[in-house]
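**Student:** Protein chains in written order, with the numbering used here: chain S, 1 to 207; chain L, 1001 to 1468.
Simulated from the structure, these hints should not be mistaken for laboratory data.
On a predicted model such as this, the values are computed, not experimentally measured, just so you know.
Check the hints yourself; a few may be wrong.
What the hints assert, rightly or not - Pair by pair, the computed Cβ-Cβ distance ranges are: (1) A1419(L) to Y36(S): 40 to 48 angstroms; (2) F12(S) to Y1238(L): 18 to 26 angstroms; (3) P1179(L) to A76(S): 39 to 47 angstroms; (4) D38(S) to A1415(L): 50 to 58 angstroms; (5) Y1238(L) to G16(S): 25 to 33 angstroms; (6) F1329(L) to Y36(S): 30 to 38 angstroms; (7) K85(S) to S1183(L): 38 to 46 angstroms; (8) A34(S) to L1122(L): 33 to 41 angstroms; (9) P1179(L) to V190(S): 22 to 30 angstroms; (10) R164(S) to P1422(L): 35 to 43 angstroms; (11) W1057(L) to G16(S): 14 to 22 angstroms.
Think of the CB as a built atom: it goes at the ideal place given N, C-alpha and C, for glycine as much as any other residue.
The primary structure of each chain is shown beneath.
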Amino acid sequence: MKNGPLLFIGIFAALGLSWAGLALGSNAQLGGLAPYYDQLENRAFPERAPGIASRGKLVYQDLGCAACHTQAVRRAGFGSDQDRKWGDRQSYARDYIHQERVQLGLSRVGPDLTNVGARIKSAADIYKLLYQGTSAMPAFPFLFEERLAMAEPSPKAVGRVGDREIVPTPRAEVLAAYLLSLNSPSDYPVEKADNTIAPAKKEGEHK
Amino acid sequence: MISATSNVAASETDTTARGPLVLLLVSALGWLLVSGVLALIATIQLHTPAFMAACPWLTYGHTQAVQETAAVYGWAANAAFAVSLWILGRLGGAPLRGLGLLTVGTVFWNLGVAIGIVCIMLGETTAVPFLQMPGYIHPLLLVAYGAIAVPGVLAWTGRRQRATFASQWYAVAAIFLFPWLYSAAQVMLLAAPLRGVGQAVVAAWFAQNLMSLWLVPTSLAAAYYLVPKLSGRVIANYDFAPHGFWALLFFGAWTGTRHLIGGPLPAWIPTVGIVTTLVLLFHYVIVALNLRAGLGGGRGNVVLGFVSFGLAAYLLGGLLDAVFSFRVFAEVVQFTFFPVAQYRLAFTGGYSFLVFGAIYYLAPRITGIVWPSPGLIRAHFGLAVLGTVITVVSLATAGWVQGKALGDPATTFTAIAAATRPWLLGATAGEAILLFGNIVLTVHFVRLQAATVCPAWGSISTLEASAS
Chain S
1 MKNGPLLFIG IFAALGLSWA GLALGSNAQL GGLAPYYDQL ENRAFPERAP
51 GIASRGKLVY QDLGCAACHT QAVRRAGFGS DQDRKWGDRQ SYARDYIHQE
101 RVQLGLSRVG PDLTNVGARI KSAADIYKLL YQGTSAMPAF PFLFEERLAM
151 AEPSPKAVGR VGDREIVPTP RAEVLAAYLL SLNSPSDYPV EKADNTIAPA
201 KKEGEHK
Chain L
1001 MISATSNVAA SETDTTARGP LVLLLVSALG WLLVSGVLAL IATIQLHTPA
1051 FMAACPWLTY GHTQAVQETA AVYGWAANAA FAVSLWILGR LGGAPLRGLG
1101 LLTVGTVFWN LGVAIGIVCI MLGETTAVPF LQMPGYIHPL LLVAYGAIAV
1151 PGVLAWTGRR QRATFASQWY AVAAIFLFPW LYSAAQVMLL AAPLRGVGQA
1201 VVAAWFAQNL MSLWLVPTSL AAAYYLVPKL SGRVIANYDF APHGFWALLF
1251 FGAWTGTRHL IGGPLPAWIP TVGIVTTLVL LFHYVIVALN LRAGLGGGRG
1301 NVVLGFVSFG LAAYLLGGLL DAVFSFRVFA EVVQFTFFPV AQYRLAFTGG
1351 YSFLVFGAIY YLAPRITGIV WPSPGLIRAH FGLAVLGTVI TVVSLATAGW
1401 VQGKALGDPA TTFTAIAAAT RPWLLGATAG EAILLFGNIV LTVHFVRLQA
1451 ATVCPAWGSI STLEASAS
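In isolation and in its complexed conformation, chain L is listed as follows (with noise of 0.2 angstroms):
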């Protein structure tokens, strides 16, 4: 519930911040549904290799490398900063401040994306996971980050509470980490890489903390922010909530070289990263008991519905990371489908689920108007649970399938590829539903926007009638 006082504030806030934020979830939304029909094409490609093959842009390590990019810093990074700069600015009690820079560095930040893309398309990629793009587009990216962030670190500063609320440390955890790590991994790997090895340990503490320190503490702080909002109850033991914090920080942000194991470097480097990523349970742990009143079911509140959904990805996420680290079940699932179904677990049914319900929380508060179809934010969640279990099931099972056969050395590749083909058509189904879903959500979004102009649009009502 919202006070009096801080109503009058936050509509100050809604009207000033509403034309960056707007497109800043525009361009998340094109991306979202670019890095769909990519994801699409590649799982297509999986089953049935020769689809698409005469298409030197679209390789299967295209599609696949340019899907990965247009997901992370298309979908999730324009969501990113729009969801946490809205709860900073709502949290520090002042309206934002340093739009101009948002804008401006929102519209390089998707232009050096869309340059990146294309450049990937045409056969100039670096290879490197989550860095796929031109050694030259980074930097440009990075500088368009220092723009968006402004408002970020101008809120935080400004705050007119010197006490915080654990949305606010996520948030500023993710607005101050993500251009540490991309600038360091940009000089580690590209512009002066490591030498052998070195790259693949910098390589795999990169895209791991990408989602441990800047996209799970964005979506973290968001569900803090919902959960009580949304629930109408206070965070259950709210004392443990700096510990699971920092436990994420000091913790997680080692968690990425367990990938290596088995590999060309000493033991020690995949240890430390099986024994983080058990340590950190006691992370999940907190984040489950505070946000447990989170987890009951929409219960009627679809948004919430959205909310439940996500957190509960990502602590089953964070449980199947954890099993999957041992040496036993590793060695089955390296290199199979098994972690890409692990990944999309924790980012299409975790992040982008808590992403989805900050969306449909915020997008009526700055804009001033209800979304005008409560029955297609219910087919977007239903289409978007559907897509995700069958996504995460399908790509599970058949990594599981893969890794035992490839533990036969009998079982040829041929062999293979047609076992895991029932499965990986089952992907392919649930990529199509969550693309179909994600259209949902972005002709919603449009009319929403459209109703602020032309009310005709929408069924308009106040916000104040029917909010929170």
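For reference, chain S alone in the conformation it holds in the complex (with noise of 0.2 angstroms):
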């Protein structure tokens, strides 16, 4: 190779090509997605979260939950996914179209969060987890704090050393709030009948 611009346009053009193709192209699918609008129940999904919950997922993010969480069902028969409850659906993109920040996530040490608020359901139980943690997810001490136990214990208490209990700091009720309310519509339309198998025509028939 001799010419110097020939080069330099190509290499470019390769970068050129490949954004514009990726990029670009499925921007120019997906950019446009719109919430679905449900006239029965006079809303619109996916919902907006609760500013609480908005909250909760810079936490999620700050202390970096995606090293092991996934957000994304992927569908029956392609992994376990649906068999593992996390979802009785795969995720569609319009699932992530308000989310300012989308985490898919990378790996799964631990389970996929996309309906984490399905099951479970109080934040007690966030509490006690991110307390205790398990075999499998560490702890996260510095999201609790102690202080003086009232003569009525406080309901959110993950635990008592003697006269103090041990309470969710702010941080750790935002975060609790984000997860409770991660929980996926039950379906859209236009992608329930593009993603659904249609059954097998009969011998004979036409339509």
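Assemble the dimeric complex from its two separately framed chains, guided by the hints.
**Tutor:** Next comes the structure, spelled out in structure tokens:
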């Protein structure tokens, strides 16, 4: 190769093509996705997360939870996601349109959290998990603080040391609110139709 | 073999560029040790989650992010700058120019990385893989990079000969592609993020191309330069080299989205990634054909040993990428430690080994003295090979075990953790050996530099007496 400018143009074209194809191409297809308006319920799905959950999502991001947890359910037949009761349906691009930072995750050292709000019903269970950890997940003791116990113990307390009780910090509270808010809407008609295999036609049938 | 005339020009390059290149290499090695310590902590946390759990700066999410950042933006980046600039200067046939800018850029780059790492530990991270530092750090790094790249661009535009060599294409591609890639990712992920899962597509594109379009071209520039020099044989089937180069750029750039298989995206996006990963095998075949003289092993030359192992790991990594992108395997290994093992094979086995070879080759040529101890080079080689093999094999096995267990809905995460624990302990041992080997390299490099100031530190013999 002797032609310097041609080399330069080729290098630029290689990156530019892949960028146009993948970044612009996917954005052209998905960037305009709108929420689905359900006339029966008179609501649009997916719904925006409440403010406290948005703050909790920042805690999720800051702690690096996505290093071990994904937020995407794969389709039935590809992996055991739905058999593990992580969701009744696969995740669709539409589920993520309101998320400022999408954290699909790359690793499943722990379970998928797409619909964790449907599995864990109370903040107390999340506090317990965060405070104690498991053999597969670390504890996060710095998300909790000790304070003098009142006559009536705090309903949020995860433990008691003498006359002091251990309660979640505000960070733990918003994180729990975020996790409890994670629950995909039941389904969208367009995606449902696109991803359902049509029943096989009977012999001689035209429609 | 270096001809008499180029020897004169080369020695000019050596003396003038020594300071800035040594600064880059010292920074690179410093970050290599930082990332090694963090990799050790992170793997311990994988099998013993309670390890350092009380420390809010060192949650696994943080240690993993900081390790990745220190390895890529610290070690790999500084080493890539040093190696590609040195090669471009050498093949350009003139001393490197713009060295003041290079020094200023290096200082600001490393300052930026250090601040970024502290920010991640304090909880201010973007949580985007390979772009973990907070959004305001990246523009600083981009400007610093602009200054670092100046000598490379000047060496390319001011080259003495119009005809160019494969090393130059790869080095120039790396120098130009990194800033375009990096700025595009910053805009589309951090400054004005795309809507919804478009972010995941750009993140996958960026993470892959940081390897395929920046680090891989840099390491191949080193390989195409070192193999003929060290083996004393010309590059075989050199006519094919341009095809290998363009195949990497045009197909490699699309391969990242294979990781998104099964994700909440239209099927064409992962499919494009899988298809191009298979087509990219063409590139690996050409690299293997061209550089087969370097694959034969060291035969007493330990620097060639580094290059051989690096090439072998690179080629094996390419083959594994292709095989494990197939749906039947991807279903098992997706979201496990297996892709981590593949990444470590390409990064620690491929990239780092080729760059180690380049550092061992160029350091005497920029300081004018030979390495004080051949024994330390052999020790580093042995430890690096052992550490890489143990780490990659352990992680791959852990990933396979984990993937099989994840596929069975009855297996709990506690059971999966217990099943992978022995292999993760193995990976920890591998990381410890790697760290030890890198300490050997760093001590040796410091000794080499000290010997230029105080000859008593090294067994001084002139370069001409023993090199090449």
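**Student:** For each hint, tell me whether it holds in the structure or not.
**Tutor:** Hint check:
1. Between A1419(L) and Y36(S), the C-beta spacing of about 41 angstroms keeps the proposed range 40 to 48 angstroms intact.
2. For F12(S) and Y1238(L), the Cβ-Cβ distance of about 25 angstroms falls inside the hinted range of 18 to 26 angstroms, so the restraint holds.
3. As the Cβ distance of P1179(L) to A76(S) is approximately 43 angstroms, the hint placing it in 39 to 47 angstroms holds.
4. A hinted range of 50 to 58 angstroms for the beta carbons of D38(S) and A1415(L) is inconsistent with their spacing of about 40 angstroms.
5. Taking 25 to 33 angstroms as the suggested C-beta distance range, the pair Y1238(L) and G16(S) conforms, at roughly 28 angstroms.
6. A hinted range of 30 to 38 angstroms for the beta carbons of F1329(L) and Y36(S) is consistent with their spacing of about 35 angstroms.
7. Hint check: K85(S) to S1183(L), Cβ distance near 43 angstroms, so the stated range 38 to 46 angstroms holds.
8. For the pair A34(S) and L1122(L), the supplied restraint of 33 to 41 angstroms holds, since their beta-carbon distance comes to about 38 angstroms.
9. The hinted window of 22 to 30 angstroms between P1179(L) and V190(S) is violated, with their beta carbons roughly 40 angstroms apart.
10. Taking the beta carbon of each, R164(S) and P1422(L) are about 40 angstroms apart, inside 35 to 43 angstroms as hinted.
11. Under the hint 14 to 22 angstroms, the C-beta atoms of W1057(L) and G16(S), about 40 angstroms apart, miss the expected range.
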